[in-house]
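Below are the chains, spelled out letter by letter.
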Amino acid sequence: MRRIPRLRPEPVLLGLLVVLTLASISFGTTSVRPADLFAVESTRAALAWSVIVEIRLPRTLLALLTGGSLGLSGAVLQGLLRNPLADPGILGISALASLGAVLAFYFGLWSVAAGGVTGGLLAALLLIGLAGRRAGTLTLLLAGVALSSFAVALTALALNLAPSPLAAYEMMFWLLGSVADRSWSHLQLATPLILLGWGLLLATRRGLTALALGEDVAHSLGIDLPRLRLLAITGTACCVGAAVAVAGSIGFVGLVVPHLLRAWVGHDPGRLLIASGLGGAALLLAADLAIRAVAQGPELKLGVATALVGAPFFLWQVLRMREAP
Amino acid sequence: MIRSPLLLRLVLGLILIAGPAAATEAPRRIVSANLCADRLVLALADPGRVVAVSPFAADPLVSTVAEAARGVPVTQGGVEQILAFAPDLVVLGAFNNPATGMLLERLGIRVHRLGTASSLEAVRGEIRALAAALGVPERGEAMIAAMAAGFDHLPRLDHPVAAAIYQAGGWSAGRGTLADDLFTRIGLTNITAASGRNGFAALPLETLVAAAPGLIVVESMGEEAPSQAGELLRHPVLAARQVRTITVPMRLWACPDPALVAAAALIAAAAP
Amino acid sequence: MTRLVWNGISLDKAGRRVLDRIELTLHAGELLGIVGPNGAGKSALLRCAVGLDRPNAGQMQLEDRPLVRLPATERARRIAYLPQTTEAAWPISVRAAVALGRLPHGDGTSLRDQAAITRALAAVGLTDLADRPLTTLSGGERALALLARALAVEADFLLFDEPLAALDPHRQLAVIEVLVAEAAAGRGVGLVLHDLSLAARFCPRLALLAEGRMLALGPPERALSDEKLAQAYAIQAHRDQVEGAHLLVPWRRLPPVSES
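Chains as they are written, first to last, in my numbering: chain A, 1 to 325; chain B, 1001 to 1272; chain C, 2001 to 2260.
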């Protein structure tokens, strides 16, 4: 592949991530700073430890893992379906993961995570079953839309049948997406599955690059298409399912980030993967930082923030596409 | 900011692996991060011991302890902010982020969770439990006794009255809800419960009218009471029968605390 | 000797018999033309060879080994396929598109890969347009880029489905010359062509398909004899010899002939 003779996205994004991570553990809703860790006064040092290591750090890491999962899976799905509209939300994986988590809500944290991943994997199985192993892109997209609508309807039903308005309220707020006050317990739960998902997704790089000229050419180049689809779908189910389970439903990252970075990687679908992972992590962490910086009243939910920014951005992209020759 | 030796010991304990601190002494730095918790905590605990409350505590629209909340620092409810108050007890409620309670406990801070009560018995249980956690069980009993006396002094009904809570959209409270228990205590027949509905259920207008209601109870957010009741009365079916309605401010029965007595009094007084 | 064999291939699709007991061998160093009317099964013939369609009967063989036993990557290295239509989903550069042909060999960055890409671009005359996005090219230029992609594989067998369709006469002749050279260099080239004149002029051997069956196999005079043309196309052609090559131009339509 020809190298783009300008700044490469991967180092830039990595640098941005480092800056954002440092900012995220340095600033929060109080004035505790990393320097306080070394304070002479032991109480200040102890407080700083609690705040930075037990509160800000897990939150930061979870934002990175979630954002990375969303960006990466968005890029993979767009490359697989050869459609810039694809993202884990579109294929119904996020919706079923949310449903799984909501149903498991009252059985405690571990069940919520298990529910989320089960939902995600169920979505994967249903997708493969509905669309068939040898099905084309259109079938896959339609299956995803059907699955998504179904899951959203069932979630609405679950809210409707909630044992009390309080329970419905809790579920609704959780669904809006947040990484606030998440701890190392949440990380322990989600990280192995997320990393597994990343492994599966990154294995699709070569196949996605080959798909740039269509499925027939990709097949003739030796790519096993059903296996590629399986990797993409199960990888997405694992990392998005786990992320949704601990952070709720956060959208638009998987849609927006690959869009932003595609031209920068020379439109190479394979190369887009790592860039999108880094970009998604950076975007979500930046959004979370913004929320904490602005928070004067009740905290804005992360999913709401990404939707508020993501939807207009997407609309703008659509308008731009219309004007292009 | 943190000077007390007790506090020093407590905060240092955070960096050791510690379970929740043994509750042998009454907490002295209480943070309440929930409206219902605020109302009870400010009513039960010594003023000096409450170091932070939620932003709602000072809002007279929803709080019954707005006066007491004046001057008390406010916290939005995130663990980072709560930690800054160096609490030894944090009272959370049903509407808090579940992760908050988990993280606080992980850090070795005692957490008391106030539940939602679906009966008067449960309300008593919540008050007792919170009073115990605050180290003032006798005040909890006193509050409960006062509530009982308040209920005893409600006007007696000399004939059966069928009533229902009825909101725009048909929402009502059936068997097994706090409202239902309140109706029973007052001596009203809950139409929604009688029709076999449990929990928060929708009550069809037909069923309501067929039961010949003597009183319809409506919730309102604020003092602009007429609007909700007005909406309902406008329905020809209800207007024709000239059914009595009473609007009860949300504030009075949002929480498991003594304000329920005032709600009951309003309703009992309105019964024909 | 290296050869690609269609051994009794039959293929059914949507209840229709698309290919009926086809026996065909493509030898290394040969330029084989595959001709026939619309719907004859020409594309299906190539698709079976690369595993895009699975035959209901018969077997594809590469040097007497069943093709299905070959690992996909090795098959991709030995056989290059150019489909009739290709849609590029993303505006990748011409060079990036051509580089895809090197995927069976690695990731496309080695010196050998670079050399192959450069050669392929030069062969089709697109060296100057190498950095342009594929989607900004004209139809003919895009066809050349996709052809270059298939050439870059440097496979032993080239199976191209109507590579000349979108090209102007100059480019058509240029490409045919490239393919003749590839065959001369020892590759087995199988071309599906709809232009009978080009087929008759450049292909020493032709396979004539109609309704899934092989009607004729042999040099143009035999495969495209008057009788065969009437049977397969219901046309009459004008023939001549020019510069030692067979000139064949479809001339007149005939009333449709029923199969005997």
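No wet-lab data here; the hints were simulated from the structure.
Fair warning: there could be bad hints in the mix.
[Claimed, not checked] Ranges of calculated distance between the beta carbons of each label pair, as one might list FRET restraints:
| # | chain 1 | residue 1 | chain 2 | residue 2 | range |
| --- | --- | --- | --- | --- | --- |
| 1 | C | Leu2111 | A | Pro226 | 45 to 55 Å |
| 2 | C | Asp2012 | A | Ser149 | 28 to 38 Å |
| 3 | C | Asp2012 | A | Phe173 | 51 to 61 Å |
| 4 | B | Ala1202 | A | Phe150 | 20 to 30 Å |
| 5 | A | Phe150 | C | Leu2173 | 50 to 60 Å |
| 6 | A | Thr139 | C | Pro2204 | 50 to 60 Å |
| 7 | A | Ser42 | B | Ala1129 | 51 to 61 Å |
| 8 | B | Gly1048 | A | Phe173 | 29 to 39 Å |
| 9 | B | Ala1240 | A | Phe173 | 23 to 33 Å |
| 10 | C | Ala2184 | A | Pro226 | 30 to 40 Å |
| 11 | B | Pro1073 | A | Ala35 | 19 to 29 Å |
| 12 | C | Asp2064 | A | Gln188 | 40 to 50 Å |
| 13 | B | Gly1071 | A | Phe173 | 55 to 65 Å |
| 14 | C | Thr2135 | A | Thr139 | 18 to 28 Å |
[Claimed, not checked] Covered by chain A, per the in silico footprint, the following chain B stretches (three or more residues, Cβ under 8 Å):
| # | segment |
| --- | --- |
| 15 | 1050 to 1058 |
| 16 | 1089 to 1100 |
| 17 | 1242 to 1253 |
The beta carbon of each residue, even a glycine, is placed where N, CA and C say it ideally should be.
Hint by hint, here is what the structure shows:
{"no.": "1", "hint": "C:Leu2111 with A:Pro226: 45 to 55 Å", "result": "34 Å, violated"}
{"no.": "2", "hint": "C:Asp2012 with A:Ser149: 28 to 38 Å", "result": "36 Å, holds"}
{"no.": "3", "hint": "C:Asp2012 with A:Phe173: 51 to 61 Å", "result": "57 Å, holds"}
{"no.": "4", "hint": "B:Ala1202 with A:Phe150: 20 to 30 Å", "result": "24 Å, holds"}
{"no.": "5", "hint": "A:Phe150 with C:Leu2173: 50 to 60 Å", "result": "57 Å, holds"}
{"no.": "6", "hint": "A:Thr139 with C:Pro2204: 50 to 60 Å", "result": "44 Å, violated"}
{"no.": "7", "hint": "A:Ser42 with B:Ala1129: 51 to 61 Å", "result": "35 Å, violated"}
{"no.": "8", "hint": "B:Gly1048 with A:Phe173: 29 to 39 Å", "result": "33 Å, holds"}
{"no.": "9", "hint": "B:Ala1240 with A:Phe173: 23 to 33 Å", "result": "42 Å, violated"}
{"no.": "10", "hint": "C:Ala2184 with A:Pro226: 30 to 40 Å", "result": "39 Å, holds"}
{"no.": "11", "hint": "B:Pro1073 with A:Ala35: 19 to 29 Å", "result": "25 Å, holds"}
{"no.": "12", "hint": "C:Asp2064 with A:Gln188: 40 to 50 Å", "result": "57 Å, violated"}
{"no.": "13", "hint": "B:Gly1071 with A:Phe173: 55 to 65 Å", "result": "30 Å, violated"}
{"no.": "14", "hint": "C:Thr2135 with A:Thr139: 18 to 28 Å", "result": "25 Å, holds"}
{"no.": "15", "hint": "1050 to 1058", "result": "violated (count 1)"}
{"no.": "16", "hint": "1089 to 1100", "result": "holds (count 6)"}
{"no.": "17", "hint": "1242 to 1253", "result": "violated (count 0)"}
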